[in-house]
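Protein chains in written order, with our numbering: chain A, 504 to 888; chain B, 154 to 443.
These aren't lab readings, by the way, just hints derived from the structure by calculation.
Please note that a few of the clues may not be correct.
[As the list claims (entries may be wrong)] When the alpha-carbon atoms are kept at most 25 Å apart in a straight line, the in silico DMTMM-like pairs for lysine to aspartate or glutamate are as follows: (1) B:Lys200 - A:Asp735; (2) B:Lys286 - A:Glu874; (3) B:Lys200 - A:Asp679; (4) A:Lys718 - B:Asp219; (5) B:Lys286 - A:Asp735; (6) B:Lys200 - A:Glu715; (7) B:Lys200 - A:Glu887; (8) B:Lys200 - A:Glu608; (9) A:Lys718 - A:Glu874; (10) B:Lys200 - A:Asp692; (11) B:Lys286 - A:Glu887.
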Amino acid sequence: MFNNKISRRNFLQQTGVWAAAAAAGSMLPNIAHAARDKELNIYCWEGYNSDDVLDPFRREFDAKVRAEGLTSDPDAVNRLRAGETKVWDLINVNNPWAREMMYPEGLIRPISRERFEPMMKKMMPQFHPPYEWAMDKDKKELLGMTQRFGPFSFVVNTDKISRGMAEDQGFKLFLDPAMKGKYGLLTYDNWNIYHMCIAADIHPFKKHSKEEMAKFGEVAKQIFNGAKNLTDDLVQMNLALINGEIDAYMTGGTYTASPARFDGQNNIRGITPKSGPMDGKGGIVWIELTSVVNNPDPSPLADEFLAYVQRPDVSKKVAFAEGTYNPVTQMGSEDVLASFSKEELDAIQWDSLEEEMANSVDYDINPDYAEMYDLYSAAKREREG
Amino acid sequence: MQGQANRFLSWLRQPGVLNAVPASLFLLIGFAGPLLMVFGYSFMPPKTFSLFQEPTLANYSSVVSDSYYISFFWSLTLAAATVVILFFICYPIAYGMAKVFGKWANLITVLIAVPLLISENIRLFGWVLVLLKNGILDGSLQAVFGFSASGMLYTVPAIVFGLVYVYLPFMLFPLVIGISMIPDTLKEAASDLGASRWEVFREVELPLAMPGIMIGGILTFILSLGSLAESKILGGQTVVMIADDIESAFTFAQNWPKGSVLSVLLIALSGTIVILLFRRIDLDRIIGRR
Chain A
504 MFNNKISRRN FLQQTGVWAA AAAAGSMLPN IAHAARDKEL NIYCWEGYNS
554 DDVLDPFRRE FDAKVRAEGL TSDPDAVNRL RAGETKVWDL INVNNPWARE
604 MMYPEGLIRP ISRERFEPMM KKMMPQFHPP YEWAMDKDKK ELLGMTQRFG
654 PFSFVVNTDK ISRGMAEDQG FKLFLDPAMK GKYGLLTYDN WNIYHMCIAA
704 DIHPFKKHSK EEMAKFGEVA KQIFNGAKNL TDDLVQMNLA LINGEIDAYM
754 TGGTYTASPA RFDGQNNIRG ITPKSGPMDG KGGIVWIELT SVVNNPDPSP
804 LADEFLAYVQ RPDVSKKVAF AEGTYNPVTQ MGSEDVLASF SKEELDAIQW
854 DSLEEEMANS VDYDINPDYA EMYDLYSAAK REREG
Chain B
154 MQGQANRFLS WLRQPGVLNA VPASLFLLIG FAGPLLMVFG YSFMPPKTFS
204 LFQEPTLANY SSVVSDSYYI SFFWSLTLAA ATVVILFFIC YPIAYGMAKV
254 FGKWANLITV LIAVPLLISE NIRLFGWVLV LLKNGILDGS LQAVFGFSAS
304 GMLYTVPAIV FGLVYVYLPF MLFPLVIGIS MIPDTLKEAA SDLGASRWEV
354 FREVELPLAM PGIMIGGILT FILSLGSLAE SKILGGQTVV MIADDIESAF
404 TFAQNWPKGS VLSVLLIALS GTIVILLFRR IDLDRIIGRR
């Protein structure tokens, strides 16, 4: 069978044998088990997949690390649901998903409190253990580690609209008839829905009455009809803001404004409203949580990577990786904070971060999301441009 | 019964059938399989993620009662407009390439094909920089002539422009093949028999080039119908295309069954159009088998 002469007949025979062997091999997962000691697959928001972050880890652990960037939380969770728990070892999404969806659905597994809680104690005070979003609903298991976070409401060009005025008006700015055709809508659909709720004086993360739903529908229509442009690309939105196509855009914050600010455009600024319908608060903040996927064939490197990104130099790299720049919870420790330059701190609006956090509530699950999404998408389709 | 089985076996042993087995299996698994899954999902209860539940028509009725007709309308209208505009732009170029330019035609082919190597999103984003307020075009006009040309971006014409720009090669090359199939002798004969230039074009050229026109038309129509990037990047989603609705349903709405219904309807629509049009052309003749 292994002689080198290949005739047409034995080629077919060999192909058949090899195909059968390959098929049999795929049914024996244990064979692959040993190989995963040096392998790690990360599914994350952009930044963690940067070679600046991954290469030192690859060298230190002699590991083969594959990282793929995700473009939306629901998309990422969909892929785990569709069976990709077999593929990934770590998943990095925003705070509510782990506790509310992924852990109850068995998509992620808890990490060691003993090992990781001491690291959490070095974070900024509000993220110290037991941190609500990192725990399961029974407050027993630790479901992941926080790192990047940021206030997320809207962005203005301060040459056109002053910071003070924008903070005072809040999301009502986008209902002002004078703003019609002068703002964009960054279509991160789930965030748009929360922000439209706030514009309609509704708490987005509570159960809603019929009247509130109707009011939401009306505000959604008004905001879509008044928007100059819609895009899900933050670079394009910043460009429109810088070039004067628009004066502000709804749904945005440090995450979207920072690339423009770091480029010297300090007139582009994320705004957190001073007040609003969420127990008096008017802004929302997101916190990323990196969790270990419930992979049937887990990689031991998943926990190591979680610990690795807590190191001061790596934290800084995560904060200032490619694409967008964001504060990290590790800035609670002096040596991490000291590694940021004045320009870098200015890009992530460090001067107002504490105040903005105080005026914001944490990103959460909207119990009426599905019904609101129908109203939202109808308003988008029926938009009178 | 035995005879039938034997006939089937001897049919199966034909070289043509045997050779087609790997490709057919590949198509069945890689092409028909996912489509069947989408079809299956369209009958599952809304906002669920499993294929093994009691089938329902709820998604179809909600899609019909919602305002999705607007997205279908825009996709169909913009696709049709793109095809018509592309025909008028490409026909003269194709004629030149097939009959007039000689060896220069190769250079033009390369020039038109090279941009295809660059991602569509990047090329469209390049146009954003050109059309943006205070961008390359507007800024240059202001500096040189003192008037502004802002307001071109985020409009329906900007979307059509993007579609025409991106899909031009898909109309042009089939047209070149179509036109090069017209024997010059036939046109000469028509002229000798007293036909005017217009009559030669209408009675001889156009019918003979029709297979190329049809293929170019179908290709560009189907591609435009499923397009998304042009309306997102150049149009600022001033209108929502059906492909955008499908994407939203699968992602932010977390409603795979609804996304599947929209996909099934779009496939059915484009499939019907292709089948109706392909009845009128003879593929064998175009690839020169007859």
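Hints, one by one, checked against the model:
| no. | hint | in the structure |
| --- | --- | --- |
| 1 | B:Lys200 - A:Asp735 | 23 Å, holds |
| 2 | B:Lys286 - A:Glu874 | 37 Å, violated |
| 3 | B:Lys200 - A:Asp679 | 36 Å, violated |
| 4 | A:Lys718 - B:Asp219 | 19 Å, holds |
| 5 | B:Lys286 - A:Asp735 | 19 Å, holds |
| 6 | B:Lys200 - A:Glu715 | 23 Å, holds |
| 7 | B:Lys200 - A:Glu887 | 29 Å, violated |
| 8 | B:Lys200 - A:Glu608 | 15 Å, holds |
| 9 | A:Lys718 - A:Glu874 | 13 Å, holds |
| 10 | B:Lys200 - A:Asp692 | 17 Å, holds |
| 11 | B:Lys286 - A:Glu887 | 22 Å, holds |
The structure shown violates the earlier hints numbered 2, 3 and 7.
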